Amino acid sequence: MYEELLKNIAIDDERIVVMTAENRALIRNLPPVLGKRFIDTGITEQCMVGAAAGLALRGRIPVLHALASFLSMRAFEFVRTDAGIPNLPIKLSAFIPGFLSDGNGPTHQAVEDVSLMRGIPNMQVFAPANEQDLAIMLPEILASKHPAYIRICHRTTSFQHQKHFEIGKAEVIAEGTDVTLLTYGFMLEQTLIAAEILRAEGKSVGIVNLRSLKPIDEAYLVDLTQKTDLLVTIEDHFVTGGLYSIVAEIFLKKQIQSPVLPIALFEKWFKPARLQEVLEYEGFTGKQIAERILGYHTESIQPHIVASEFAE
Amino acid sequence: MNEVKLKKLEQTALRVREHIIKLSTDGGCFVGASLSATDLIVYLYTEFLNLNSSNLDDPDRDYLFLSKGHDVPALYGTLVEMGVLEAERLQNHLSTNDHIYWHPNTQIPGIEFHSGSLGHLPAVSVGVAMDLKISGSQNRVVCILGDGELNEGSVWEAVMVAHAHKLDNLIFVVDRNNFQANMATEDLIPLEPLVDKFEAFGWEVCRIDGHNFLDLEEAFADLPYKKHKPSVVIADTVRGKGLPSIEARADRWFCNFSTVEIEQLLQELHGEHTTTLVSETLVVR
Numbered sequence: 001m002y003e004e005l006l007k008n009i010a011i012d013d014e015r016i017v018v019m020t021a022e023n024r025a026l027i028r029n030l031p032p033v034l035g036k037r038f039i040d041t042g043i044t045e046q047c048m049v050g051a052a053a054g055l056a057l058r059g060r061i062p063v064l065h066a067l068a069s070f071l072s073m074r075a076f077e078f079v080r081t082d083a084g085i086p087n088l089p090i091k092l093s094a095f096i097p098g099f100l101s102d103g104n105g106p107t108h109q110a111v112e113d114v115s116l117m118r119g120i121p122n123m124q125v126f127a128p129a130n131e132q133d134l135a136i137m138l139p140e141i142l143a144s145k146h147p148a149y150i151r152i153c154h155r156t157t158s159f160q161h162q163k164h165f166e167i168g169k170a171e172v173i174a175e176g177t178d179v180t181l182l183t184y185g186f187m188l189e190q191t192l193i194a195a196e197i198l199r200a201e202g203k204s205v206g207i208v209n210l211r212s213l214k215p216i217d218e219a220y221l222v223d224l225t226q227k228t229d230l231l232v233t234i235e236d237h238f239v240t241g242g243l244y245s246i247v248a249e250i251f252l253k254k255q256i257q258s259p260v261l262p263i264a265l266f267e268k269w270f271k272p273a274r275l276q277e278v279l280e281y282e283g284f285t286g287k288q289i290a291e292r293i294l295g296y297h298t299e300s301i302q303p304h305i306v307a308s309e310f311a312e
Numbered sequence: 001m002n003e004v005k006l007k008k009l010e011q012t013a014l015r016v017r018e019h020i021i022k023l024s025t026d027g028g029c030f031v032g033a034s035l036s037a038t039d040l041i042v043y044l045y046t047e048f049l050n051l052n053s054s055n056l057d058d059p060d061r062d063y064l065f066l067s068k069g070h071d072v073p074a075l076y077g078t079l080v081e082m083g084v085l086e087a088e089r090l091q092n093h094l095s096t097n098d099h100i101y102w103h104p105n106t107q108i109p110g111i112e113f114h115s116g117s118l119g120h121l122p123a124v125s126v127g128v129a130m131d132l133k134i135s136g137s138q139n140r141v142v143c144i145l146g147d148g149e150l151n152e153g154s155v156w157e158a159v160m161v162a163h164a165h166k167l168d169n170l171i172f173v174v175d176r177n178n179f180q181a182n183m184a185t186e187d188l189i190p191l192e193p194l195v196d197k198f199e200a201f202g203w204e205v206c207r208i209d210g211h212n213f214l215d216l217e218e219a220f221a222d223l224p225y226k227k228h229k230p231s232v233v234i235a236d237t238v239r240g241k242g243l244p245s246i247e248a249r250a251d252r253w254f255c256n257f258s259t260v261e262i263e264q265l266l267q268e269l270h271g272e273h274t275t276t277l278v279s280e281t282l283v284v285r
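Chains R and G are the protein sequences, given in the same order. Counting from 1, one number per residue, gives the positions in the first sequence under this note's numbering. Counting from 1, one number per residue, gives the positions in the second sequence under this note's numbering.
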């Protein structure tokens, strides 16, 4: 789906160049279609980003593919210096961020990527929740004049997103007065499960998909504090620099006091395993999240979590 | 090369060196690295590149990238001599009123991309060369690197990628002045045999005296050296070239001279006498 969408956009727009540092999982079928506009630089994340800057100087819109950990960290200074400083429209498609690296181990865990990328002036940061969300967001992201980091989650889910996407706007899935769950990316799946359990326990629950992390929907978040008793930030990211930090920065700036419960990784990498087991071990299943919020155990049943599609 | 042209190049290079010396006070600049690259930069702009004051934004132009960045005073001086940059702007060196500082930036007309962090522009120039190929352009990309810069792993990523992608429109020029920041390259991270290194990576190599315009003319006469292969010119140069009192010295990289010393150095440049530098303002970074 991602591949098909990118292919169609690239066929229509000669400016698009698809690049990869030999991570072809999402774009395996594009080389014959795009010809010279498909560039594989080999395992050279730094060179790929620098070369993307050169291509962008010539008017191209490079869309770069690599694992999130390597794109955000190995190539960090190139992203900051060659995409950020000149504000070039280089788009970083970062695979298997957060828990999606499941069994790879800490080398592959991008759990600080939001923190790093949002710290770069001019950089926009997006986190689609699944394949459909990504498809809704991608055309806008590619059309933006700024560099962008896309925390790719392309899992297939049955959830139906609102079709409208605007950079800087949250997707408000539900509003509730007792608790509002704020999340992005892969964790939306578990957040939806948590919300069901909380509702079954009689809570009025809001759910917000913060698919645009930078710019973020500041006005909505501020407004939310008047409408709900507790905010919970749910993210497969270190607590430092991610959504919890973003919310804290906004509330501090606006001098708002509001209870916020962070569900995130605290000063440690996660246990590498099959995705289902990672979530259970780390306490990030929907059921575990709901029970942390409630403060007691429930009889609810945690649905099975579909395994990841590929490993690199 | 005829006598007239040679004389003209030498005169231009001399004036560029004067600009560099004048920038090396009141805050200073990387004077040693700038003087070693001066003849290269002057030659490339005035003789080789399809670049002049009227085509700087034309997509159909050649590209020059200054990767080591410390040598930007030589580029400022050259751009002044080309009529691209107003000479008065050099008075604004290190002032917040302008954008003239220790590393290149795109606020200066003629500068294609900022640098300062080593090992970036080889990759950026690879990207431009790739697009020239995709677009079917015959233009060329030159990237000037420092020899110390070759320590950076990202340089060799770009070297391998350029070879893999057969970028014969790409030319690296290594300013081989034998020094990196604090010491001789061969005393820290030895680079020799440098020709063999590039050849082993699939590049075509030419090694020349980077202060000899006849050598430069020959090196840039017939590029690429081989079809489908990127080319590298290793230009043997002298750090601080033109000023015997600072030439080939490890401690004359970044210099902040007194105004009196500047006057003496300008006289030294014109061969009058060697300056005795006693300045307490000498800074090594």
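The set of hints was computed from the structure by calculation and includes no laboratory data. Bear in mind the structure is a predicted one, so any value in this text is a computation, not a measurement. Keep in mind that the hints are not guaranteed to be accurate.
The following label-pair restraints were derived from C-beta to C-beta distances [what the hints assert, rightly or not]: (1) G/N92 to R/L261: 28 to 34 Å; (2) G/R249 to R/Q255: 27 to 33 Å; (3) R/K36 to G/T276: 55 to 61 Å.
If the Cβ cut is set under 7 Å, some of the chain R residues that face chain G in the computed set are [claimed, not checked]: (4) F38; (5) T41; (6) T44; (7) G50; (8) G54; (9) L55; (10) G119; (11) N122; (12) H154.
The C-beta atom is built at its ideal place from N, Cα and C for all residues, glycine as well.
Going down the list of hints, with the structure as the test:
1. For the pair G/N92 and R/L261, the supplied restraint of 28 to 34 Å is violated, since their beta-carbon distance comes to about 53 Å.
2. As the Cβ distance of G/R249 to R/Q255 is approximately 58 Å, the hint placing it in 27 to 33 Å is violated.
3. Checked against the given bound of 55 to 61 Å, the beta carbons of R/K36 and G/T276, roughly 59 Å apart, stay inside it.
4. Proximity of R/F38 to chain G is violated relative to the hint, the smallest CB-CB distance being about 10 Å (cut-off 7 Å).
5. The closest approach between the C-beta of R/T41 and any C-beta of chain G is roughly 5 Å, which is under the 7 Å cut-off, so the hint is satisfied.
6. This hint holds: R/T44 has a C-beta 4 Å from the nearest C-beta of chain G, less than the 7 Å allowed.
7. For the restraint placing R/G50 at the interface with chain G, the shortest Cβ-Cβ distance is roughly 2 Å, inside the 7 Å limit, so the hint holds.
8. With a cut of 7 Å, the hint placing R/G54 at the interface with chain G holds, because the nearest CB-to-CB distance is about 2 Å.
9. Residue-level restraint check for R/L55 holds (minimum Cβ-Cβ distance to chain G is 4 Å; threshold 7 Å).
10. Interface restraint check: R/G119 against chain G, minimum CB-CB distance 17 Å, threshold 7 Å, status violated.
11. Of the supplied interface hints, the one on R/N122 is violated, with its beta-carbon coming no nearer than about 14 Å to a beta-carbon of chain G, more than 7 Å.
12. With 7 Å as the threshold, the beta carbon of R/H154 stays out of range of chain G, its nearest partner Cβ sitting at about 27 Å, so the hint is violated.
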